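Chains A and B are the protein sequences, given in the same order. Residue numbers are given in my numbering: position 14 of the first sequence equals residue 32, and the series is strictly consecutive. Residue numbers are given in my numbering: position 52 of the second sequence equals residue 56, and the series is strictly consecutive.
Check each hint, because a few of them may be wrong.
Pairs of lysine to aspartate or glutamate, EDC-like flavour, derived with a Cα cap of 20 Å [as the list claims (entries may be wrong)]: (1) B:Lys107 x A:Glu124; (2) B:Lys107 x A:Glu33; (3) B:Lys20 x B:Glu89; (4) B:Lys112 x A:Asp58.
So the derived label-pair ranges between C-beta atoms look like this [claimed, not checked]: (5) A:Gln59 x B:Thr24: 42 to 50 Å; (6) B:Gln12 x A:Lys89: 25 to 33 Å; (7) B:His117 x A:Pro26: 25 to 33 Å; (8) A:Asp74 x B:Ser14: 30 to 38 Å; (9) A:Gly21 x B:Lys107: 20 to 28 Å; (10) B:Ser34 x A:Gln32: 15 to 23 Å; (11) A:Gln32 x B:Pro75: 36 to 44 Å; (12) A:Gly90 x B:Ser35: 41 to 49 Å; (13) B:Gly47 x A:Ser99: 24 to 32 Å; (14) A:Asn92 x B:Asp56: 24 to 32 Å.
Hints are computed from structural coordinates only; laboratory data are not their basis. Being a predicted model, the structure only gives us computed values, none of them experimental. For every residue, glycine included, the Cβ atom is placed at its ideal position computed from N, Cα and C.
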Amino acid sequence: EAGVTQSPRYAVLQEGQAVSFWCDPISGHDTLYWYQQPRDQGPQLLVYFRDEAVIDNSQLPSDRFSAVRPKGTNSTLKIQSAKQGDTATYLCASSYPLGLGGASYEQYFGPGTRLTVL
Amino acid sequence: AQKVTQTQTSISVMEKTTVTMDCVYETQDSSYFLFWYKQTASGEIVFLIRQDSYKKENATVGHYSLNFQKPKSSIGLIITATQIEDSAVYFCAMREGPPNAYKVIFGKGTHLHVLP
């Protein structure tokens, strides 16, 4: 079974440039998450989807960030006009649907995209 | 609101000993799920073990086990017979029940150093 894939693995930008991150979750996983992980910190939830629907994007830092998952499979996270404070690793994770009675399943993480904004 | 706190920034232990990493959480839900993940030096994050709040028995997987103290909102990770390759950052995470069942938040992590 293929894992969660992300691209690119690295990105270096000047402030003001735009960047997009792409994620392909594990087949059958209806829930997809984007996290921001600054250096030496834990993953911080940005947005998550169930199928193509955004469940919660209230943690996106600003209007410069947007995320879509148009067909309920792959997803794209975009940063318009990047700032130095956006420097971090961006992680995508996916999980199976909740089980009977709300049983929960673990998340599977992709390798991340390490973004540096100069 | 959900909150997960890991107060230990870094722990060093000798190989083949037992280590416990602490995690406390805050939730208003009566049903929730607690997870521990490991992030290796390469950046890879892998799932280790899960505890469902309604279960009284502590979860155990291989040389990982949990110390779930529900009245204290505490979920400690215990690693027995530590190995050099256990050196990594360990994250505690929580998922609540409906309607926030899809939201998962993480603590800041504990860096474990296993010394030869």
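Legend entry - Hints that the structure is at odds with (numbers, increasing): 2, 5, 6, 10, 11, 12
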